[in-house]
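S.K.: Sequence:
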Amino acid sequence: MSQSDFPGWHGTTIIGVRKGDEVVIAGDGQVSLGQTVIKGTARKVRRLSPGGHEVVAGFAGSTADAFTLLERLEAKLEATPGQLARASVELAKDWRTDKYLSKLEAMLIVTDGTDLLVITGAGDVLEPEHDVAAIGSGGNFALAAARGLSHTDFDAETIARKAMAIASDICVYTNGNLTVEKISK
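Residue numbers (the numbering used here): 13 to 197.
Here are the simulated lysine-lysine pairs, DSBU-like style, with alpha carbons at most 30 Å apart: (1) Lys174 <-> Lys197; (2) Lys51 <-> Lys194; (3) Lys174 <-> Lys194; (4) Lys194 <-> Lys105.
In case anyone wonders, no lab produced these hints; they're calculated from the structure.
Construct the complete structure from the given sequences, taking the supplied hints into account.
M.R.: Below, the structure is given as structure tokens:
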């Protein structure tokens, strides 16, 4: 069986929402292989504490690749304590130029309670407009829902949960089994 005959791994919707002094990253738990759900309780949102500075990260894509990137991000944060944007740019540069890292297939949403960033393997470090970022199979559905909800009186966690519920109703690669991490400035 060639690699092109092997059905692709799908799954994951990660959303980051900032409202007021609160930032929430939420992720679903579904991992699918082709049309089969392999696992419904994967944990794709993690809390990191390099150098005593808390950071929350969510990942979409290959789990092993994402863990490699999270380890690299932690190392960058230890080298530049309290400077998430700088550490993210350094990671993105390495990711784009390193022969090994450039093959990794994942995306990250990270926050320290102040910055909310999307990091990609193309060398991008993006600060989203409208204080909402989303990645993964159902990311666009969650993003649209959260942007619509951001003008309500709901707090960041409620917006993230409702947006993920909407995404899970639309995207077959997203479920309602959430991991939610909150961080404040």
